[in-house]
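Trainee: Protein chains in written order, with the numbering used here: chain S, 1339 to 1539; chain H, 1339 to 1539.
Everything labelled a hint here was simulated from the structure, so no lab data went into it. Source: prediction; values computed, not measured. Worth double-checking, as some hints may not be accurate.
Okay, the calculated beta carbon distance ranges per label pair [what the hints assert, rightly or not]:
(1) Q1537/H x S1396/S: 29 to 37 Å
(2) T1416/H x P1462/S: 57 to 65 Å
(3) R1394/S x P1469/H: 37 to 45 Å
(4) L1471/H x S1396/S: 14 to 22 Å
(5) A1436/H x D1421/S: 20 to 28 Å
(6) Q1537/S x Q1515/H: 28 to 36 Å
(7) V1490/S x P1462/H: 32 to 40 Å
(8) H1398/S x S1455/H: 25 to 33 Å
(9) G1362/H x G1441/S: 28 to 36 Å
(10) E1391/H x L1535/S: 50 to 58 Å
(11) V1460/H x G1441/S: 39 to 47 Å
(12) E1380/S x R1480/H: 35 to 43 Å
(13) P1462/H x R1359/S: 38 to 46 Å
(14) A1468/S x R1439/H: 17 to 25 Å
So these bits of chain S aren't anywhere near chain H, every CB distance computed over 10 Å [as the list claims (entries may be wrong)]:
(15) R1359
(16) A1372
(17) L1376
(18) D1392
(19) H1430
(20) V1431
(21) V1460
(22) E1463
(23) A1472
Here are some, though not all, of the chain H residues that point toward chain S, as calculated from beta-carbon distances under 10 Å [said to hold, decoys possible]:
(24) L1353
(25) A1356
(26) G1364
(27) L1376
(28) V1397
(29) A1432
(30) A1514
(31) G1516
(32) P1518
(33) R1536
(34) R1538
All C-beta atoms in this analysis are idealised placements derived from N, C-alpha and C, irrespective of residue type, glycine included.
Number of protein chains: 2
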Amino acid sequence: MRSKGAGAAGPIERLVDALARLPGLGPRSARRAALALLRHRESLLDPLALAIEDTRRSVHACRRCGNLDTTDPCRICTDATRDAGLVCVVEHVADLWAIERAGAWRGHYHVLGGTLSALSQVGPEQLAVAPLLARVATGDVREVVLALNVTVDGQTTAHYLAEQLAAFPISVTRLAQGVPLGGELDHLDDGTLTAALRQRR
Amino acid sequence: MRSKGAGAAGPIERLVDALARLPGLGPRSARRAALALLRHRESLLDPLALAIEDTRRSVHACRRCGNLDTTDPCRICTDATRDAGLVCVVEHVADLWAIERAGAWRGHYHVLGGTLSALSQVGPEQLAVAPLLARVATGDVREVVLALNVTVDGQTTAHYLAEQLAAFPISVTRLAQGVPLGGELDHLDDGTLTAALRQRR
């Protein structure tokens, strides 16, 4: 373990290793984070330990939509002020959070858990596709918004889902593509510019 | 808490908050890290929880040198193969780890806990200066290497310590300054080049 932090004791090693596995933290920043935790026990280490214990005990995936919450079904699925007839399909919970932060959606969600990917051998059975079709089959859904990332895999998945959903008497829509707020035309890629021109209103 | 991740439950919020306080993680990467922890409980969340509990319980600062270890005095201070007459003074435990990784030091250490800083109002009494002088006063130390960062505060602190240590019959040395391994002269700052020229061998 010399490469990680020789001179560090076993538990510190393991803390550095566990932190280094998080996205966004390499071995070097994991060491810095571990040292910060050790130097500021009351303000950093204890709150993190508590939050992790709380999370482990009380947070679960919503069996209905895949959102993470302390209740199942989650608070979004049980929120009477939301329209259950509108379902926004996202790849990950992070996307659901992003849309919730924007505050522009008052419908429900469906977390797919990823995208179809030939390279990573992810097929429909690895994603929450069947549960989505089952939700739609109940007849309670009027519109499905495919809010997948504008990547090759995201758009392939959206295309696949649109085909699967074509059998049902519902609207299937996608997010508009175009110039982001504050976006300068000069700095936009050609694909975005083309899409923004083609979908002009 | 809308800005952090509305739709997320309380414990997730608190996990994101606790992670966002770590150096190197902003609110956005803290959210990604929290979601990764929640999605990979066995491989990420459980090992991190365990490592944190272990660390809280068993890691302490060495009363002699300030290193972090499961024993006190630490394993470096009690290592009979090391020369206790040589003491390497560093700002933080991270620096001690860096020197240990290099594997080029077989003496002991002394962790100052920072540098003198007029701006941040850090004086000698906020650092482990008195314990260093006390260690030297025992007569067991032959040489003190001031391995402080080559920053204004680091060098001010080294200068101050050198003055304090001048009263003792020991050598006080500093790390050599010069061209780093793999360093291209073309890309070096003037100060480093000047130092490398002046200290040429």
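Trainee: Now tell me, hint by hint, if it's right for this structure.
Mentor: Going down the list of hints, with the structure as the test:
1. For the pair Q1537/H and S1396/S, the beta carbons lie near 60 Å from each other, so the given range of 29 to 37 Å is not met.
2. Distance hint check: the CB atoms of T1416/H and P1462/S are about 60 Å apart, consistent with the given range 57 to 65 Å.
3. Between R1394/S and P1469/H the beta carbons are some 40 Å apart, a value that agrees with the proposed interval 37 to 45 Å.
4. L1471/H and S1396/S have their C-beta atoms about 51 Å apart, which leaves the hinted 14 to 22 Å range violated.
5. Here the CB-CB span from A1436/H to D1421/S is close to 57 Å, at odds with the stated 20 to 28 Å.
6. A C-beta distance of roughly 59 Å is found between Q1537/S and Q1515/H, which places it outside the suggested range of 28 to 36 Å.
7. The beta-carbon spacing between V1490/S and P1462/H, approximately 60 Å, falls outside the hinted interval of 32 to 40 Å.
8. Judged by the Cβ atoms, the range 25 to 33 Å given for H1398/S and S1455/H is violated: they are separated by roughly 47 Å.
9. Between G1362/H and G1441/S the CB atoms are about 29 Å apart, so this pair conforms to the stated range of 28 to 36 Å.
10. Taken as a hint, the range 50 to 58 Å holds for the pair E1391/H and L1535/S, whose Cβ atoms sit roughly 57 Å apart.
11. Between V1460/H and G1441/S the CB atoms are about 44 Å apart, so this pair conforms to the stated range of 39 to 47 Å.
12. Between E1380/S and R1480/H, the C-beta spacing of about 39 Å keeps the proposed range 35 to 43 Å intact.
13. For P1462/H paired with R1359/S, a C-beta distance near 40 Å keeps the hint of 38 to 46 Å intact.
14. Between A1468/S and R1439/H the beta carbons are some 50 Å apart, a value that contradicts the proposed interval 17 to 25 Å.
15. The claim that R1359/S is not at the interface with chain H is violated, since a C-beta of that chain comes within 10 Å of its own (minimum 6 Å).
16. Distance check on A1372/S: its Cβ comes as close as 8 Å (rounded) to a Cβ of chain H, failing to clear the 10 Å threshold; non-interface status is violated.
17. Non-interface status of L1376/S relative to chain H is broken: a Cβ of that chain comes within 10 Å, the nearest being about 6 Å off.
18. With a closest Cβ-Cβ approach of about 4 Å to chain H, D1392/S is found to fall inside the 10 Å limit, against its non-interface label.
19. The beta carbon of H1430/S sits about 7 Å from the closest Cβ of chain H, which is not more than 10 Å, so the claim that it is off the interface is violated.
20. For V1431/S, the non-interface assignment is contradicted: its Cβ lies about 6 Å from the closest Cβ of chain H, within the 10 Å cut-off.
21. Residue placement check: V1460/S keeps its beta carbon more than 10 Å from all beta carbons of chain H (closest about 14 Å).
22. With a closest Cβ-Cβ approach of about 18 Å to chain H, E1463/S is found to remain outside the 10 Å limit, as its non-interface label requires.
23. No Cβ of chain H comes within 10 Å of the Cβ of A1472/S; the nearest lies about 22 Å off, and the non-interface call holds.
24. The interface hint given for L1353/H is met, as the beta carbon of that residue sits about 4 Å from the closest beta carbon of chain S, less than 10 Å.
25. For the restraint placing A1356/H at the interface with chain S, the shortest Cβ-Cβ distance is roughly 4 Å, inside the 10 Å limit, so the hint holds.
26. Restraint check, G1364/H versus chain S: the minimum CB separation of about 9 Å is within 10 Å; hint holds.
27. Checking L1376/H against chain S by beta carbon gives a least distance of about 6 Å; that is within 10 Å, so the hint holds.
28. Residue-level restraint check for V1397/H holds (minimum Cβ-Cβ distance to chain S is 6 Å; threshold 10 Å).
29. With a least beta-carbon distance of about 5 Å to chain S, the hint placing A1432/H at the interface is held under the 10 Å criterion.
30. Restraint check, A1514/H versus chain S: the minimum CB separation of about 22 Å is more than 10 Å; hint violated.
31. Interface hint at G1516/H: violated, since its Cβ lies 23 Å from the closest Cβ of chain S, which is beyond the 10 Å cut-off.
32. For the restraint placing P1518/H at the interface with chain S, the shortest Cβ-Cβ distance is roughly 16 Å, beyond the 10 Å limit, so the hint is violated.
33. With its C-beta approaching chain S no nearer than about 31 Å, R1536/H sits outside the 10 Å limit, and its interface hint is violated.
34. Residue-level restraint check for R1538/H is violated (minimum Cβ-Cβ distance to chain S is 31 Å; threshold 10 Å).
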